[in-house]
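Asks: Using the sequences and the hints, build the whole thing.
Residue numbers for the sequence shown, in mature numbering (1 follows the signal peptide of the UniProt record, and there is no 0): -29 to -1, 1 to 760.
In short, the hints are calculated from the structure, not lab data. Since the structure is predicted, the reported quantities are computational estimates derived from the model, not experimental observations.
Per label pair, the in silico range of CB-to-CB distance:
no.: 1; residue 1: Val675; residue 2: Ala383; range: 53 to 61 Å
no.: 2; residue 1: Ala506; residue 2: Asn558; range: 17 to 25 Å
no.: 3; residue 1: Ala286; residue 2: Asp228; range: 18 to 26 Å
no.: 4; residue 1: Leu512; residue 2: Asn397; range: 25 to 33 Å
Backbone N, C-alpha and C fix where the C-beta goes; we use that ideal spot for every residue, glycine too.
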Amino acid sequence: MGEMFFRRVLAALVLVTALALAPFGAATAQTAEGTPSESEAPEASPAQALIDILQDDSARTELIDELQRIAEDGAEEQLGSDTPLTVPTEETSIGRQLAELTQEVAQTAAGQAASLWQTLTQAPDAFDGLDGSELGVLLEAFGDLLLAIVITVVLFIVLRRLAIPFYRRMGASADRSGLVRTVLIFIASAVIEVVVVVLAWAIGYAAILAVLGEFGQIGIRQSLYLNAFLAVELVKVAIRLVLSPATGGLRLVPLGDAAAQYLSRRANLVVGVLGYGFLLIVPILNQSVSYSAGRSFSALLSVIVILFVAGLVIARRKAVSGWLMAEIASEPEPGEADPEADAEETLKPPRRRTGPAATLAQAWHWLALGYLAVMMVIVLSRPTRVVFDALWGSAKVVLVLFVGVALSGMLARAIARGITLPEDVNAKLPLLEKRLNQFVPKTLTVVRVLILIVGLAVICDVVGLLDFSAWLDGDVGARVLQALFSVAGILIVAFALWLALTSWVDYRLNAEYGRVPTPREQTLLTLLKNAATIALIILTLMFVLAEIGLNIGPLLASAGVLGLAIGFGAQKMVQDIITGVFIQFENAMNVGDVVTVGGVTGAVEKLTVRSVSLRDLQGVFHIIPFSSVDMVSNYMRDFSYHVADMGIAYREDYEEAKQAMFDAFDELRQDPEQSVNILGDLEWFGLNSFGDSAIVLRGRIKTVPGTQWGVGRAYNAVLKRVFDERGIEIPFPHQTIYFGEAKDGTSTKLRIAETHDDTADPVGHAPAGETLEGEIDSRVTDAPQDGED
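Replies: Below you can see the structure in the form of structure tokens.
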């Protein structure tokens, strides 16, 4: 609507101006015909003519009528353009749409092919500007620039020679350094490279100002050369930083020394030819010969460079393909093979790689040659400005590829190398290096993927397939970029907090540094780490969701409702948690304690807010939820006791056995391994009970908690030896057969029969008529009777 209104206003203003100028133009024409001298009089301004029309009633009426007619025609035209939108159109079938699409594609391809053929046929015209006179101009220019070239080149070579030992030392240091130190060394080497180039350029500039021509003035050709020198050498610095032909430790791409040196020399040659050609020779030809000569020379130079690069691509296609295949291959090199593997398996050649990456690695030269062919067509058919744009776009693509490959290679080496902390740090924080090596490689892998995505987007933006820069400048791109950086920052900060917390807990639990943590501290610190980790995960998730644009208010409300539902459905879990919290408040058990929980006795290995994990004497691991715990028996509080119940025969002397137990305790106390665990004297309880075959004497030893079992075993061993030395019997079960007595004290008679007949009664009764009568004592035991042998 606004565009239509603007068009109407513009048409009205044009019409008003035309009507205002029409009478004035007619009058002027008549005057010119009548008196030619009056035609040179100054014309009246359009504004004055419009004022005259508005002041004339008849002219003003005609103007209004004309404007109304134009407005009605515009309304009818607009109505006519809107009406077809309401008229239903006939639907086109899918086959018809496909036919039209293929027809359009074929026509476009044919048109482009014809245009390409016409361009190729006109390609020789690109060199028409060269007539042979350019050589003399270039020789003259070379004579003017000889001194400037000698000064800058000699200075640059001297400064480079002085800086080479620094590069080698920094490269050797980078081989032994970690990621951060390597990055700092790389930055330092880049600064030195740039300083060398700038110093050579600045000193050369100052020398030329002082030596050539008038003092303080410089010619245009010398200025062109110095600017070209600075630009070319800075580009070469970037190439050297990526390839680092002299120092492998600073090389950003995974290349050998020979390959890096070969590629560096060729790249420097191409940059030098293009740089000095376009920044020095072409401007000289444009100024001294003609623009056509400069255009033709730039085309010739570009064709030569393209053919040279195409020759390199064809000559090195197999070597580059092999390098790419090695980079994507997953098999180790022969020197990295498993030493325990079979020789046949180790020497087996790697299997042929498949997939998009392998296909691209094997056919890379076709893509490169196609790109060079397109550049050739552009050079031969387009103006110089378009050629410069194409070359600049190509340079940006190459720069993006080099930077992406360099960064990706550096990150890949950092991932493979891992993070190594100093020994003293590992001793204090033994799990810190492991945690870093679990998080940092994954983060760097994500960064490598982001580098790939950004690189592809930038390349698509350069070649015109995707307007990535406009997307970034827009609201959506800015929001996405801001969200990505915010989420990354939140995750990094959350990991740093978690790492600091867990490292502090590990340091506090490390008994070799600082004071030894108590079992209570171990339990609380472990629970603190678990609870803080859960809280940190929840908060991080909330912040991340908020940063990506999700409203977490409904999520929190939903979480509350869900928590209520889970609370009703999982009452046992809630009971576990509540009971566990109160158990921890009451300090009922800690990690390392020996407890009896839920009928299971074992050492506490892990405590959470809802369960306890025990390992019993047989090594069985038990997980007991707190909801099933009705009593906790802890053997590790303050002190413990070993209760010694010692059985002796009924015939033994009580006092003698008591003294033996005290003597055994005194001997136990003299043992240095056991004396540190004994907290007091032997507590004597006396004769504790009468057993079936022994009387039981009881004593008790107070010990350090947790050592009562070891002290008891040691005391039992000493006690057995002392009893054996003093002849105190430790009885085994006895059986007494009692036949009863008469009131006068006589014993009942017992019939004993001796027989060898298999038919004898299995219980030992003698057959009838074969008896042996005799009297025996009414008490028969397994001990010998008085008077027997």
